[in-house]
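Protein chains in written order, with numbering that gives the first Met the number 0: chain A, 0 to 107; chain B, 0 to 107; chain C, 0 to 107; chain D, 0 to 107.
Calculated directly from the structure, the hints in this document are not laboratory data. Errors might be hidden in some of the hints.
What the hints assert, rightly or not - Mimicking BS3-like on lysine-lysine, the simulated pairs with C-alpha atoms at most 30 Å apart in a straight line are:
1) B:Lys27 with A:Lys27
2) B:Lys95 with D:Lys22
3) C:Lys95 with A:Lys27
4) D:Lys95 with D:Lys22
5) A:Lys95 with C:Lys27
6) C:Lys27 with D:Lys27
7) D:Lys95 with B:Lys27
8) A:Lys95 with C:Lys22
9) B:Lys95 with D:Lys27
10) A:Lys22 with C:Lys95
11) C:Lys95 with A:Lys95
12) D:Lys95 with B:Lys22
Protein chains: 4
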Amino acid sequence: MSDFSDESAMTTHAGPHGYISSKDAYVKRLRRIEGQARGLQGMVADELYCIDILTQISAMTSALQSVALGLLEDHMSHCVAAAVAAGGEEGDAKIKEASIAIARLVRS
Amino acid sequence: MSDFSDESAMTTHAGPHGYISSKDAYVKRLRRIEGQARGLQGMVADELYCIDILTQISAMTSALQSVALGLLEDHMSHCVAAAVAAGGEEGDAKIKEASIAIARLVRS
Amino acid sequence: MSDFSDESAMTTHAGPHGYISSKDAYVKRLRRIEGQARGLQGMVADELYCIDILTQISAMTSALQSVALGLLEDHMSHCVAAAVAAGGEEGDAKIKEASIAIARLVRS
Amino acid sequence: MSDFSDESAMTTHAGPHGYISSKDAYVKRLRRIEGQARGLQGMVADELYCIDILTQISAMTSALQSVALGLLEDHMSHCVAAAVAAGGEEGDAKIKEASIAIARLVRS
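Make the full structure from the sequences, and use the hints.
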């Protein structure tokens, strides 16, 4: 399923993860992004103009960021909010974890 | 070949565009990015943990930025440098065009 | 106090805002960033090498982002968590508001 | 003049550095950014609402990026173009150096 080498190290929490209501929409947006990556290979193979390729990469990066921001909001509205509402340390841990993910998005 | 709706509006300058020497390497990196986009669809479909998905999106964004920065350097070393060395207004125009692409990368 | 033209339009919620415990540390970091902005004026006035100026701007941008990420985490740990724990629509509104601020940080 | 600890390590090339024509405009923009940093200290000291502070940090980051992009374009139009036009290895070195600065801007 995946090209990510460190996937085995990932925490794969059980249970539904909050974004399920719009799962199809996210899959569709990611499929379009996959198509953009394929289109870029064609542009490079055909030696199209470099600046045009960069324009498409910027568009693809924006689309990817937009997916990330949507997933993050869903995550905070569901997982984080549920943990906070339940009380205890889990809420703090979820907020800390989300903050680390946000820092990574801001810096990437 | 492409998912980009505005491709017909693109300037497709004739001739080799400078990055040809490492064309295969770029295509390979973009193919890997395409695989990451496909992997992300699977992660969403399987409802993996949102934070893990965001981590992979950050990795994919970095990979994409890295391709863009490589292409930009190649472009400046070849197209821009050739235009500047030839003298005349074309050099200024190429630098202006590259600056606009850089601003888009910085802001996306 | 401020150079921001749209400040009059800002919501200035009453009461302590969560980051008070480390207020002095934030003020100190921002004072250092102010010093960096002053240093940059000197570098431009003295016509120092452009690349060196850009290096300092990158350092200053990173310092500023780091303050923003710290404030955001404090805000989520205090204001957002309190609103969510209290129940009702206020929690959702705070998460939505934080998400908009995050999107602005990611895109700026 | 400066708060930067590594300034002594900087290359301070002699001679005018290309952006001199608009030096006053850059100094003015940086002075305004300095004022924003001072305004932020007041906002934190007065415990204004965290989201409003983040909005101002985003505005300040954008202003700073805009200065960096302007300086970079000036640098390419003058220093880099002059080195390329003169022929020899210096042109390549300048392009390589500019590419590293661009990568730092994109990633910061």
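Right, here's what the structure says about each hint:
1. B:Lys27 with A:Lys27: Given that 30 Å is the threshold and the Cα spacing comes to 24 Å, the pair holds.
2. B:Lys95 with D:Lys22: The given pair, whose Cα atoms are some 19 Å apart, holds under the 30 Å limit.
3. C:Lys95 with A:Lys27: Since the Cα atoms of Lys95 of chain C and Lys27 of chain A sit roughly 23 Å apart, the hinted pair holds (cutoff 30 Å).
4. D:Lys95 with D:Lys22: 25 Å, holds
5. A:Lys95 with C:Lys27: 24 Å, holds
6. C:Lys27 with D:Lys27: Holds. Lys27 of chain C to Lys27 of chain D sits at ~24 Å (cutoff 30 Å).
7. D:Lys95 with B:Lys27: 24 Å, holds
8. A:Lys95 with C:Lys22: With Cα atoms ~19 Å apart, Lys95 of chain A and Lys22 of chain C stay inside 30 Å; holds.
9. B:Lys95 with D:Lys27: Holds - the C-alpha atoms of Lys27 of chain D and Lys95 of chain B are around 24 Å apart, at most 30 Å.
10. A:Lys22 with C:Lys95: Roughly 19 Å between the alpha carbons, so the hint for Lys22 of chain A and Lys95 of chain C holds.
11. C:Lys95 with A:Lys95: 18 Å, holds
12. D:Lys95 with B:Lys22: Roughly 19 Å separates the two Cα atoms, so the pair holds.
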